[in-house]
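**Q** Below, each chain spelled out in residue letters.
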Amino acid sequence: MLYGYVLKLARKNMLRHRLRTGLTLAGIAIAIVSFGLLRTVVDSWYAGAELGSSGRLITRSEASLSFPLPATYSERIRKVPGVRSVTFANWFGGIYIDEKNFFAQFAVDAQSYFDLYPEFRVAPAELADFKRDRRGAIVGRKLAKKYGWKVGDQVPLRGTIYPGNWSFTIRGIYQGADDKTDENQFLMHWHYVNETIKALLPSLADKVGVFIVDIRDPAQAAAVSAAIDSSFKNSLAETRTETQKAFQLGFIAMVDTILLAIQTVAYVVVLIIMAVMANTMAMAARERMREYATLKALGFSDGFVSLLIFGESLALSLAGGLLGILLTFPAAASFFRATRDLFVVFEVRPETVLLQLGSAVLIGLCAALAPALNSRRIRIVDGLRAVT
Amino acid sequence: MSAPLGSGLSLAYVARNLIARKLTTLLTAAGMALVVFVFATVLMMAEGLRQTLGGTGSYNNLVIIRQGSQTEVQSTITREQANMVESLPGLASGAGGQARITREVLVLVNMPRKDGKGLANVVVRGTTPVGIEMRPQVKITAGSLFRPGSSEVVVGSAMARGKVGLKIGDRLSFGLREWTVVGVFDAGGSGFDSEIWGDSEQMMQAFRRQAYSSLVVGLRDAGSYALFDEALQRQPQLKLDTKREVQFYADQSENLANFISILGQTITIIFSLGAIIGAMITMYASVANRTREIGTLRALGFRRGNIVMAFLQEAMLLGLVAGVFGLIAAAFMQRVEISTTNVQTFSEVVFRLILTPGIVVEVLLFSVLMGVLGGVLPAVRASRLEIVDALRSV
Amino acid sequence: MASSLISIRELSKTYRRGNQPVPVLLGIDLEIAAGDYVSLMGPSGSGKSTLLNLIAGIDKPSSGSLLIDGIDIAALPENDLAAWRAANVGFVFQFYNLMPVLNAFENVELPLLLTGLNRAERREHVETALAMVGLADRMDHYPNELSGGQQQRVAIARALITDPTLIVADEPTGDLDRQSADDVLNLLDRLNGELGKTIVMVTHDPKCANRAKRQVHLEKGVLLSGSGAH
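Going down the list, the sequences are from chains A, B and C.
Its first residue numbered 90, the first sequence is counted upward by one per residue in the working numbering.
Its first residue numbered 6, the second sequence is counted upward by one per residue in the working numbering.
Its first residue numbered 4, the third sequence is counted upward by one per residue in the working numbering.
Treat the hints with care, as some may be off.
[Said to hold, decoys possible] In silico negatives: residues of chain A with every beta carbon more than 10 Å from chain B:
1. Leu96
2. Arg223
3. Val240
4. Asp306
5. Leu403
6. Ser423
7. Gly447
8. Leu451
[What the hints assert, rightly or not] Pulled a few chain A residues facing chain B out of the computed Cβ check, cut under 8 Å:
9. Arg109
10. Thr113
11. Ala120
12. Arg247
13. Pro252
14. Ser292
15. Val354
16. Ile361
17. Ala367
18. Ala371
19. Met372
Hints were generated in silico from the structure; no laboratory data involved.
Quick caveat: nothing in here was measured; it's all calculated off a predicted structure.
Ideal Cβ placement from N, Cα and C applies to all residues, glycine included.
Go ahead and model the full structure; you've got the sequences and the hints to work with.
**A** Below, the structure is given as structure tokens:
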């Protein structure tokens with residue numbers, strides 16, 4: 090009965106200062122939306138790594154990724170027990186017209202690469218065309234869409250690692266098996282790149298950036314990795330083998346400072362809006378000091394008055410929070426549209442929504458704290474005398 | 006007539022109104038100060054990165070890399086090419102009458118980060134005594150320089166401090182060799198501080214390389230660039246790119262700097278909306294609480310303009326106070342050093358947040374602007390009140 | 004003499020203003036019988052409102068005893084005191100102190116929320132009380148839709164809704180025109196005469212004070228001699 094009254098009063102009190110309530114609601118909604126977006130940015134960054142298959146290992150140079158490995162390692166890795174098949178890829182790093190047009194380009198082993206990446210779906214006829222044409226390329230669906238490429242188009246690339254002006258003919262377009270597959274890659278023949286470069290810069294020839302290793306039993310990933318690395322121990326080019334997931338997490342660790350900053354900032358926005366909301370509640374409570382004193386004189390307890398203040402504060406913060414949560418989804422969708430190249434997936438996760446809701450509750454509770462304590466401290470006779 | 010009519014309401018009146026509502030003022034200022042803090046931090050980050058990489062090298066040094074390769078790590082320059090460059094005109098002469106040129110080799114080596122989170126790609130630079138001479142900002146601060154022809158290395162001060170945390174006496178193994186850290190050098194907060202330096206020829210041997218990564222040459226004087234570049238272009242077999250050393254490193258941080266400022270500005274704009282709303286709420290309340298007071302002032306002869314100005318000044322003062330507190334908090338961020346991967350060169354770069362007078366001015370203007378934007382509508386409402394109604398209000 | 008409802012002995016109250024103690028009441032002795040109608044008079048600063056607040060249990064004395072119906076209300080803990088007020092005291096304020104977001108019906112109903120009455124019982128009580136103050140047709144009106152006199156009558160309905168023994172009124176006509184003031188005073192007469200409520204009223208208006216059965220004068224924190232007698 091009393092609680093019903095608290096809700097009713099909270100609702101009616103919210104409507105007393107429509108402008109202020111509106112502004113506060115807008116503020117909370119903005120904060121909750123940006124909190125949700127920032128969290129989703131961080132999540133999506135990590136989501137890219139989560140996609141890595143743990144049944145695939147990546148072998149690269151122990152010293153660093155910038156050191157290539159001899160292509161001959163391929164056969165030796167294949168012989169390691171537990172290995173089913175091996176393929177390899179090299180970062181090509183060409184420039185398409187302008188440096189701003191950045192996308193991933195790999196020189197791959199055309200014969201085996203797509204066997205190890207079943208999630209890259211290519212029509213069999215296109216794949217066969219690609220294997221036949223040494224100057225051919227297969228590109229991801231999103232990438233093709235972005236630059237308006239069709240099968241048969243010529244794509245010029247200016248080499249940075251492999252000097253010269255290159256030209257590739259698109260022979261196929263791959264689709265991701267699910268929406269979490271990266272559809273922004275450009276894949277060309279390693280053998281073509283290698284033979285061209287052999288004449289020009291022999292030191293770069295017959296080298297491979299990474300080997301991709303398919304293993305029979307994912308549970309044996311650690312053992313197989315160790316076996317591969319030990320077989321190249323104390324050689325000119327030692328290797329470091331890890332699961333694809335760990336490999337990708339390693340990339341993310343490189344920018345973890347930035348991710349940490351984004352995460353910190355996400356919580357700062359909650360603090361900012363907490364101050365705004367606390368201000369609104371402090372004002373509302375100050376204006377109602379005489380009402381609260383009247384209620385106390387009539388015999389209502391301090392607890393009831395506190396409940397009124399908390400009720401109003403929570404009603405306001407939850408309304409703003411819900412509005413913010415609802416707006417997060419369209420906001421995330423348009424953010425994703427604007428930054429298509431940066432993220433493979435961009436989904437607002439249920440945990441994020443829960444955190445948003447939690448933040449809204451926290452904002453409401455914190456904002457009510459000072460006014461509620463104040464209402465307890467103030468004496469009835471002073472409260473009755475208070476002028477609004 | 007009397008002074009108040011001419012000059013408007015005094016600043017003391019404006020300030021006292023803020024002080025009278027302590028909690029509200031404090032909360033609003035706190036919200037705005039947080040926004041200012043975020044804004045200032047972002048500017049300081051971008052500035053720190055700019056000063057670190059932009060301040061790397063000297064104006065009269067040229068970096069020469071293979072055509073189109075963009076970074077030193079991707080570049081290769083053969084001994085023959087190096088010899089031909091050495092004979093080109095426009096170069097400064099060293100002590101022995103030879104051209105000032107250093108043949109350098111750059112590799113990225115994985116080093117574990119101290120926090121256990123992954124590996125850092127550290128730039129290891131093989132250089133020469135001339136190369137060190139050509140970078141006068143590099144000073145050995147502890148230990149000694151590496152001896153030419155030895156497996157000794159010196160580490161940049163950021164590599165000694167930061168996440169990698171190397172010490173004198175540490176043994177590093179890369180290129181099938183053990184290298185001993187014999188000294189720490191400081192390059193005045195520039196990008197070299199994030200590198201490890203050793204002997205160029207030793208590095209070539211260790212990594213079985215036939216080619217250098219880059220050449221750095223000293224120009225005879227500031228005007229020699231054109232002469233040298235023209236001579237270089239006339240040699241068709243020399244497919245090389247040249248850039249002034251400062252420009253070369255500044256360009257390498259462009260993407261990261263852009264990323265930081267775009268992200269930071271987006272966040273700041275969204276956040277400032279929240280803070281402006283907060284200021285608006287406060288100022289509207291200030292107007293509502295003082296309706297009768299405003300009526301009295303108007304009755305006393307203050308004009309609408311005076312009222313608008315008084316409230317705008319109050320909002321500006323609120324913004325300014327918030328700006329000052331936000332800046333003070335941001336100033337402490339100068340102690341923070343950021344260690345991250347420069348996505349452009351794929352190597353670890355360490356930079357410090359830097360607060361400059363320019364940033365201080367920019368941030369204070371921004372905070373006052375937030376106050377003004379929050380205060381303008383309430384101020385207009387205050388000035389629109391009819392005297393008679395205002396006087397009657399309780 | 005009828006049995007005392009309110010029995011005040013040596014009652015003193017001192018406020019602190021900064022570090023300065025400000026004595027407001029200095030040893031008041033006063034008996035108020037059940038069914039009495041007392042007006043407290045005196046210039047501003049005489050302590051009459053403070054005395055009323057102490058009797059109503061919304062302020063605590065510094066020393067002395069204050070028994071109401073045998074209960075030492077100064078000794079009650081905060082929550083018990085609140086419950087005691089809810090059951091025993093009806094308030095009428097100078098500025099009515101109605102909740103602006105509640106309509107007349109809901110304002111009167113407010114104290115009943117602290118009782119165990121169900122919705123139908125509450126409705127019946129509220130309708131009776133509003134009928135008594137002549138506002139049965141204004142139940143849905145919000146305070147800002149009512150005149151001052153009407154608001155004060157709603158406040159009186161709220162004061163009697165829990166059937167308290169004691170009604171305290173602080174300048175109940177202070178903000179009203181003559182006609183409205185008369186209506187309010189007539190109502191208070193009926194509460195005292197027909198319902199037997201004990202009323203203590205603070206006023207500085209002699210016309211108003213004359214409506215009470217007896218007048219008590221305060222000046223500078225003490226009762227003027229003779230004014231406490233019947």
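**Q** Are the hints correct? Go through all of them and say.
**A** Consistency of the hints with the structure:
no., hint, verdict
1, Leu96, "holds, 24 Å"
2, Arg223, "holds, 22 Å"
3, Val240, "holds, 28 Å"
4, Asp306, "holds, 26 Å"
5, Leu403, "holds, 18 Å"
6, Ser423, "holds, 13 Å"
7, Gly447, "holds, 18 Å"
8, Leu451, "holds, 15 Å"
9, Arg109, "holds, 5 Å"
10, Thr113, "holds, 6 Å"
11, Ala120, "holds, 6 Å"
12, Arg247, "holds, 6 Å"
13, Pro252, "holds, 5 Å"
14, Ser292, "holds, 6 Å"
15, Val354, "holds, 6 Å"
16, Ile361, "holds, 5 Å"
17, Ala367, "holds, 5 Å"
18, Ala371, "holds, 5 Å"
19, Met372, "holds, 5 Å"
The earlier numbered hints are all upheld by this structure, with none contradicted.
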